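Participant: So you can see what is in the structure, the chains are spelled out below.
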Amino acid sequence: MGIPVSYRIVNDAASSLGQFAMWGGKARLFQDDGRQSTIFLGEDNAPLVPVGEKMELYIGDSRDIVVTQRKMREAQINLRKNDSERVVLYDTDEIITAKIENFKDGPATLTMIQHIPGQWDMEECNLTYTRKDASTLEFEIELPARTAEGPAVKELTMHYHRRNIRTR
Amino acid sequence: MTMKRRCTLFAILSLASVAWAKVDLVTLPARDTVQLTIYNSADLTLARESRALTLKEGGNALQFSWADTLIDPTSLEMLPKNHAGQIDIAELVYPPRVRNLGLWNVASEVSGKVPVEISYLTSGLSWRAFYMGTLSPDEKTMRLQAYVRVTNNSGEDYENAQVRLVVGKVHLLDEIAALARRQYPYGSPIQMMREDLSLGKGIAVKKELEKLEERSFGVAMDAAEPIKAKQIVKEGLSEYFLYTIEGTETIPNGWSKRLSSFEVDAVPVVNLYKFEEQRYGSNVLRFLSFTNDEEHDLGETPIPGGVLKVYRDVGGNKHLSYVGQSEFKYIPVNEEVELNLGPVADVVVEPVLKNYKTDSYRFDRRGNVSGWDEIRTFEVKVRNTRGIPVKVEVRRNFNTTYWTLARTGDVDEFEKVDADTVEFTLQLPPRSQKVFAYSATTYQGTRREDWSRLSR
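Residue numbers (the numbering used here), protein chains in the order written: chain A, 255 to 422; chain B, 3 to 458.
So that you can see chain B by itself, here it is in the shape it has in the complex (with noise of 0.2 Å):
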């Protein structure tokens, strides 16, 4: 197993003969297995990796180079997997004026091989997700592929490492590249230049697709077995989620890699469209909206934030149409969602003053005017130009919390969404219209104290 293309270097040493810079190296043997769980919210992974090192009984030093890779050398953890309470891990030391190195020091009972586990924090890996959704002709389900793409940048290459990928917000006192790039682990953290870790990469370009190849040939060389795509087991834990992608990927350092995550054939969507002048102008909005629930085929997790691109089959010839694309955030288990596709034309919402006057004037002991109504009447035309069943919410804004409203017309429903807000809520069949109007009634100055006497 070749495993580092950079220099990434173990040795096991004697401590009681020689110090630590005068040590002849001895490489140790590659990584046996190497567990990658990158997350999504900030530039941060954890790697593990198991190796099996050979031990003298007594004195040990191990020493862990991390020139030219992202790794927090704060992190850094070592843990025999074998003799436990015969090996002890002493210390971790960081000489000075060394730069990227560290020295264990690990007193042992026994002699031989000890597997042992290493674990530290690296940035530079990344993964996040995206989505293709192809509408059905009649636009009342939505084939959802959800794919994920995971990118090393870490300056250490990965050759067949068990990927876990982390949704949720971590908090993190320090950028893990931060930590990478101090001058002493510890010591005053010298903001450095960012070392343009893709220096010096050119020439290695040639070698890597070299690689690549040699794994392409691999693959085609070893036809009689069909490639399949790989199961992602998904679980929670804490206020994580955790994808663990099936086997193992092999990820080297400037690469990336897309893996598909899940696959919904007809996932049952509504076509929502929204009007709200305040929020969009004088725009209709259309959005598309469905649970992340058992009935819409989905539910089983989470689904990570993402950017979803819609497309819409056109029928026969299996033609595509492109409706839009919409950036979404993380959807917990049973929560609806609402993506926004951006202002359409094919419906139309044309709210109309119709009449405004204004009554119930109030006058303080001088005669001035204290108070008055204001009476506005609105009608509101609301035409789906589709082919399909369309849900409208028009949203009203008073800009006062002093309202009162009396309505008449094809309105469906009618709800207060906060102090100065109500929505209208219309089903409406294809290539129809419907007409609702509203009157309302605004308080200003001293009516105000009657609006708040009657609704108390």
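With the rest of the complex left out, here is chain A (with noise of 0.2 Å):
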């Protein structure tokens, strides 16, 4: 499976924009091959983008990064039972590893999401992540150039806990 990949672009005067705000449409990209000619790298429909803001476009998938994700570990703990000792509230104890592999030339930036449904709270992740919402983390994950031994690997390991989860 690729990775998405987008370009984005900003609105403003740093990016020699910014005088007016950019109707939106489908947007074709090129790329300058450095031999007076161009490739086409993908189209996206734009949105109108007023002064300021940006936009993201898509133009195809990556598959020079990959990523392999397992779930080490799925457990219930903190049991809590009823009288007739039927389980009726629980914890989760998991763990998600990751393997981000980067087989490109140059670096890239990779914005990798991970949803946890309910209630959770993290033990233990090696990486920073911002947390979007409350059931979505992001993690923006910079991946230097694969090198002459192989590919740039990051690793990352989540352990969480999702709370309080009733049996049915």
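Derived from the structure by calculation, the hints contain no laboratory data.
Bear in mind that the values here come from a model prediction, so they are computed numbers and not experimental data.
Be aware that a few hints might be false.
[Unchecked claim] Distance ranges between label pairs, derived from CB positions:
1. B:356 to A:381: 39 to 47 Å
2. B:402 to A:422: 17 to 25 Å
3. B:283 to A:413: 32 to 40 Å
4. A:411 to B:378: 26 to 34 Å
5. A:389 to B:248: 26 to 34 Å
Where a beta carbon is used, it is the ideal one built from N, C-alpha and C, also for glycine.
Both chains are sitting in their own frames, so use the hints and assemble them into the complex.
Facilitator: Written as structure tokens, this is what we have:
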């Protein structure tokens, strides 16, 4: 599965823009190939972009960045039982690992989204993240270029607990 | 240079005096050069051609017709290569009630010949990669031959085109072929029945063959110069990889051309066999494993996805035996690949349940069973009946995340793959057998609480 790749363009003076709002519509992106020609990178629907705002144009998928995610642990803990010894409420103990490999010649920034539903808390996470909303974690991972020895590798380990899950 | 079989037609005419429909058409000189950038993830090609237009000082109109081709009219671009600032390409008009026709209005401060570059997206051209692998008799190395095949069904002949092939997945909002078939380029897209571009081509085939014969003879007559395989220059751009074929190629409409991409004499390979009942049933599958890196005489560029047919040199007389084939996806530089060649009978994995027992019972207040352990002891025999050493990966699934494992026997390595899967790795010499055993304890009911407490 490819990783979606977007170009972020800010409608401001630093980007030689910022004079007026940019109309929405189909945007086709090309790249100069250094030989007086171009290649077509992809196209996306651009929204109306007011001055100072940014747009992201999704051009295609990268297959040079590979994420292998595994669930290494999933167990029920803190079991709470009723008088009949039936579990009515429990927490989970979960570990997710993700190996992120950059096979590209250049560095890349990977935005990785993880979802944890319901009430939860993080016991340990080796990479920093932003909590975008109650159930969404966003990791901004800077990946260096690959070297002669192999791809640049980063590993994420997320150890968390989902809390107060009721049994049906 | 005869450029066209069909009626893609350019004309320059005076804007000032006449309406577009009534003007006299002047056929332009043929293309000077054409470059095709062909994508393989979508039916998409970026065509860029240069022509020398003769412009008049003042208003000029250029008529462009793309009937019987698959050009996306919304992608048409024209750029003067000389006299920048003196030539203003004001607009591209699509006249009403006329299909497949556009009119460029050009204001020029110069008169005479002006080189311009015209680019557009078209569909109907495609390329794909395919590979042939020949294993050495000891199966330690593989000769890898890679080819690309370029096919032109675009409705347009492309002669002496510089061909560039792009590897990578490009995002498109609309299919180029659908844009090409719209009645009005930007109007409401009316889904038209696909016109069979091959209609009427039967008559053309004879002419095509004649043309091809002419070309073939042309080559034969020029026998003093031997035909060499063309070099392919490879480079990365953005998320894509670009393969530029040396020189130019002529690909008439309806024809395919196979070109050699690269050849490596001896790629070291690992003969890998896998056994996983949940995925493959009771079969052992054969994989061929190698890494796209320098150690394997590869690694210069990513390898485009395609089909690899694998043969084995059976020694003496240069006889080959067919081993299998595998379709694979894009292989980045430095990535290890495992190509699935299908089930085999010469490596055998036999797991046998030797013992089953339950233990560690827990009871609730009413005296009912609330928890217990299930202990299964498996003996796994792994046989290599081949005359070469092999690596075998045996995966076992427990269908629960609450388990512990003890093992004995000939197993070399053992790894937890994920929450409910382990993998045993064995290296087997030629014609040998290894036996290992493991006892898997799975925790049921309230015994899971004990497992959770103990394993934290």
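Participant: Can you name, in rising order, the numbers of the hints this structure does not satisfy?
Facilitator: Structure breaks hint 5 only.
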